[in-house]
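Q: Turn these sequences into a full structure, and let the hints guide you.
Protein chains in written order, with numbering that gives the first Met the number 0: chain S, 0 to 103; chain Z, 0 to 164.
There could be a bad hint or two in this list.
[As the list claims (entries may be wrong)] Below, simulated BS3-like cross-link-like pairs (lysine-lysine); rule was C-alpha separation at most 25 Å, straight line:
1. S:K98 x S:K46
2. Z:K102 x S:K34
3. S:K56 x Z:K7
4. S:K46 x S:K88
5. S:K76 x Z:K102
6. S:K76 x Z:K7
7. Z:K98 x S:K58
8. S:K34 x S:K76
To be clear, the hints were calculated from the coordinates, so they are not data collected in a lab.
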Amino acid sequence: MSQKQIAGVTIDVNDEGYMTNHAQWNRDVAAALAKEEGIDLTEGHWKVLDFIDKDFKEKSAVPGMRRMNKVGGIETKELYSLFPNGPIKKATKIAGYPKPVSCV
Amino acid sequence: MPDDDEIKKVSIIVSRGSLEGVYPGLIMANGARMKGIDANLFFTFFGLHAIVKKKMNNIKIGTVGNPALCVPTPMGVGMPTWLGAIPGMSWIATAMMKKEMEKIDIPPVGEFVEMIHDAGGKIYACKATVDMFKLAPQDFCPQVDKVLTVGEFYEMSAGAQIIFT
Chain S
0 MSQKQIAGVT IDVNDEGYMT NHAQWNRDVA AALAKEEGID LTEGHWKVLD
50 FIDKDFKEKS AVPGMRRMNK VGGIETKELY SLFPNGPIKK ATKIAGYPKP
100 VSCV
Chain Z
0 MPDDDEIKKV SIIVSRGSLE GVYPGLIMAN GARMKGIDAN LFFTFFGLHA
50 IVKKKMNNIK IGTVGNPALC VPTPMGVGMP TWLGAIPGMS WIATAMMKKE
100 MEKIDIPPVG EFVEMIHDAG GKIYACKATV DMFKLAPQDF CPQVDKVLTV
150 GEFYEMSAGA QIIFT
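A: Spelled out as structure tokens, the structure:
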């Protein structure tokens with residue numbers, strides 16, 4: 000566990016860079032975290048981030064790929080093109096939630 | 000972690016046509032893509048059922064000769080193996096397992112193959128099996144990229160970890 004300065008605020012992160020206190024998250028933090036992953040956030044990215052946010056608040060878990068498809072209305076292809084090389088992992092990190100623990 | 004210690008590519012062979020034979024390979028291929036690892040899926044022998052339109056959504060648990068089958072739950076009492084041969088047992092076991100899978104969002108085979116393909120995973124069929132089973136291109140689901148010989152499989156597996164299931 001460590002702290003880091005980003006987008007003008009201090010955030011707590013674990014050793015993999017996932018935020019451990021969601022209260023410290025805001026949209027500017029998200030944009031800065033996305034930059035670190037080499038991603039410029041667009042409307043398409045926000046659709047994914049907002050769904051993760053909404054779903055996590057409901058279920059206390061990061062949605063898996065199928066839930067993204069069926070409930071979030073986000074297609075697999077779209078997700079992989081928005082967040083290449085590990086879409087849910089990356090999107091979750093940017094959304095300020097813990098690393099997904101589901102296998103699917 | 001240095002780059003050399005990371006898996007970059009996997010080639011997963013699915014050789015069995017039962018539910019418990021098909022899913023591990025699909026889950027591993029999907030899991031690889033979710034981590035940004037390149038994934039090839041190679042279906043051979045009865046594993047080919049997973050990509051044949053007519054068969055892919057009708058894949059069942061093998062209940063005969065499976066000493067690990069338990070009732071009424073997967074961790075319940077061991078079921079006498081001869082009961083597995085009763086007509087309809089495979090159907091019942093499969094229906095129960097599918098219900099549990101649905102709860103944790105593991106998709107049916109057809110949808111799973113599509114998900115892996117959409118995620119950039121490659122889907123291949125084994126040439127020897129295709130010839131042996133007398134299959135034509137139209138028998139396959141549209142996600143099948145190519146029918147490969149074993150030689151071609153090794154070529155496209157260069158640099159990959161090969162996993163046989």
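Q: Against each hint, give a clear statement of whether it holds in the structure.
A: Checked hints:
With a CA separation close to 19 Å, the supplied pair K98 (chain S) and K46 (chain S) stays within the 25 Å bound. A distance of roughly 35 Å separates the Cα atoms of K102 (chain Z) and K34 (chain S); the hinted pair therefore is violated under the 25 Å criterion. As the CA atoms of K56 (chain S) and K7 (chain Z) are separated by approximately 34 Å, the hinted pair breaks the 25 Å bound. In summary, the hint linking K46 (chain S) to K88 (chain S) is supported, as the alpha carbons are separated by about 16 Å, within the 25 Å threshold.
Proximity of K76 (chain S) to K102 (chain Z) is assessed by CA-CA distance (about 23 Å); at most 25 Å being required, the pair is judged to hold. This hinted pair checks out: K76 (chain S) and K7 (chain Z) have alpha carbons roughly 20 Å apart, not beyond 25 Å. Taking the CA atoms of K98 (chain Z) and K58 (chain S), the gap is about 20 Å. The hint holds against a cut of 25 Å. Between the alpha carbons of K34 (chain S) and K76 (chain S) the distance comes to roughly 21 Å, so the proposed pair stays at or under 25 Å and holds.
When the structure is compared with the earlier hints, violations turn up for hints 2 and 3 and for no others.
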